[in-house]
Amino acid sequence: MIDLQTVLATLDATLRVSTPLVLCAMAGLFSERSGIVDISLEGKMLSGAFAAGAVAAVTGSPVLALLVATLVCIGLGLVHGFACITHRGDQVVSGLAINVLASGLTVVLGIAWFSQGGQTPSLSSDARFMPLVLPFAEALQTVPIIGPVYHDLISGHNLLVYVAFVFVPLTWWIVYKTRFGLRLRAVGENPLAVDTAGISVSLMRYQSVMICGALCGVAGTYLAIAQNAAFVREMTAGQGYIALAALIFGKWRPVPAMLACLMFGFLDAVSIRLQGISIPGIGEVPVQAIQALPYVLTVVLLAGFIGKAIAPKSVGVPFTKNR
Amino acid sequence: MKPISVKAALPALKSVVTMAMAASLVVLSSAASAADISPAVVFDMGGKFDKSFNQGVYDGVERFKSETGVEYREFEVTNEAQREQALRRMAQRGANPVIGIGFAQGPALEKVAKEFPDTKFAIIDMVVDLPNVRSIVFKEHEGSFLVGVLAAMASESGKVGFVGGMDIPLIRRFACGYEQGAKYANADAEVVQNMTGTTPSAWNDPGRGSELTKSQFDRGVDVVYAAAGGTGVGVYQAAKDAGKLAIGVDSNQNYLHPGTMLTSMLKRVDVAAYNAFKDAMDDNWTSGIQVLGLSEEGVGWALDENNESLISEDMAAAVNAAREAIIAGDINVHDYTSDNTCNY
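First to last, the protein sequences are chains A and B.
Take 1 as the starting number for the first sequence in my numbering and just add one per residue.
Take 324 as the starting number for the second sequence in my numbering and just add one per residue.
Isolated chain A (complex conformation) (with noise of 0.2 Å):
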């Protein structure tokens, strides 16, 4: 039952599934990592796939469509920076308040302007993000092993899961590597002392959830316009939160968070997979079971497995200059 040809296409559907999570991941890493708490992830990405997804059904571009999605999260971002930084908010609830806004108005505008319940149009194929074809993919798909994992692994995603999982390695180069993100490291752990370096905090913290909302941006482009040929309502379905809880068990590092999503990914794949199969000695297991697989798993895994983990000391807390 379980050949190469099996794997490999469970494989295929983790990397689909797991794109928008580890981009919100990304997202949120930033943002958290300079001590602003984000469970707006959810509500950003899914302005950003109403954006993106009403973008491109009326101009038929999707690097349009892609732009306007990142600047509209950016400028949602930059809301909540607003709330939280600005005027040193509760980032819970502001965070909440852009998650309801989000899924209001994104049916509202979109019944105002489309007429379709809150969809937008569907999409052509010119206008959404189609798998590539990496180069050599044909030919060296007769080369044992290697060419069906090339063929069918690694070649044949659209764009932005490229971007995705090369944001990894750059998000860790950005965060360890340079200066900012030392300083963005060094306000989320203890804003006090960058002040005291003469850093501003508040830019800082700023130009976080403005890279914050940029990433959610690509996220939602992907779910509209990439993965799917349309925006429909709540169509985030919680990936938000799930890439949010991908990020605690990575302990808020990029790799670790990458490969939390990836799992997450894994199971929703293997789930959708094994349904309607029947496994030896046990038989065909009810949808049920296999559809709260992911869940037990999670819960059995931060049990026993992740272990403590433990958040930027200062994440949460508004930073208040003169005191």
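Worth flagging that the hints you see were computed from the coordinates, not collected in a lab.
Keep in mind the model is a prediction, meaning the values are calculated, not measured.
Keep in mind that a hint or two might mislead.
Stated by the list, open to error - Just some of the chain B residues that point at chain A, by a computed CB distance under 8 Å:
1) Gly370
2) Lys437
3) Asn517
For each residue, glycine too, the CB sits at the ideal point set by N, CA and C.
Put chain B on the given structure of chain A with help from the hints.
Same frame as chain A, but now just chain B:
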């Protein structure tokens, strides 16, 4: 202080309103004037633009509106608690008849229909046994049998797929009829079945629908039939992207992707909704159970300019022969819901 007094006043207010409504309804029905009916429809979770089940109803009531000029009230349920509220609100405001769309509105409609015995109710896909309720159910297994025949004949790999919405007996009935049809056309055909989920959100999850479809294609399936409401959009998109064939459901969905959509299993919910309004208007209303199958043309398969190139003469002949045989009773399509198994 205010909210409490308002709350306390509500039940009293409600009963006054109810009585007033009941009184006015008695007046209305005794007058029985054709033009002044005030119909209402409550759509379910997929939304009226799901391009499938709810949209079929929408098309039907829109046709009623354009033919008669009578406006109707509508509501789209977006969470489960709203069903009963919406139905009751419609009845309170004097809407008559009120149509509830989908099996999930059954309990809510039963409750509200008891409260408003003088209001006519109709429900699609569910039986509510009350004197003022018309229950309309379809023999989806018969229509699915036909598209199963087409799927098996169009398939080159001998493997055909099914993607259901929420895992309920009604959807299993689609799947079971489809499987019988596929096996009827090709005894060696293999049918791969998946359900999107176990909650109502499974009717509107195109992302998961598309992933399920891709996993079926990886297993060798080359024709996939979706009975999943709005989730189907993702299924058809995946089929188009992969260059495979897909079969639509409820409404005629052939236009969505010409060249990809092999056919659609028609379930004439539009006619059912239209007739409910029309019968109330013409004073021909009947309560009770209506079962619409192939012989009543309540279900069928769609052939139009978008898919005629995909349907060969052999296929058309075979499916029409199967249709005649089912109507004549020579083929007995097993109904999953009769015994909750798919042993035929």
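Taking the closest Cβ pair, is Asn517 (chain B) under 8 Å from chain A? 5 Å, holds
Taking 8 Å as the limit, does the beta-carbon of Lys437 (chain B) come near enough to a beta-carbon in chain A? Since chain A brings no Cβ nearer than about 31 Å to Lys437 (chain B), farther than 8 Å, the hint is violated.
Hint check, Gly370 (chain B) versus chain A [nearest Cβ-Cβ separation less than 8 Å]: Constraint on Gly370 (chain B) satisfied, holds at 4 Å.
Hint compliance for this structure: hint 2 is the single one not met.
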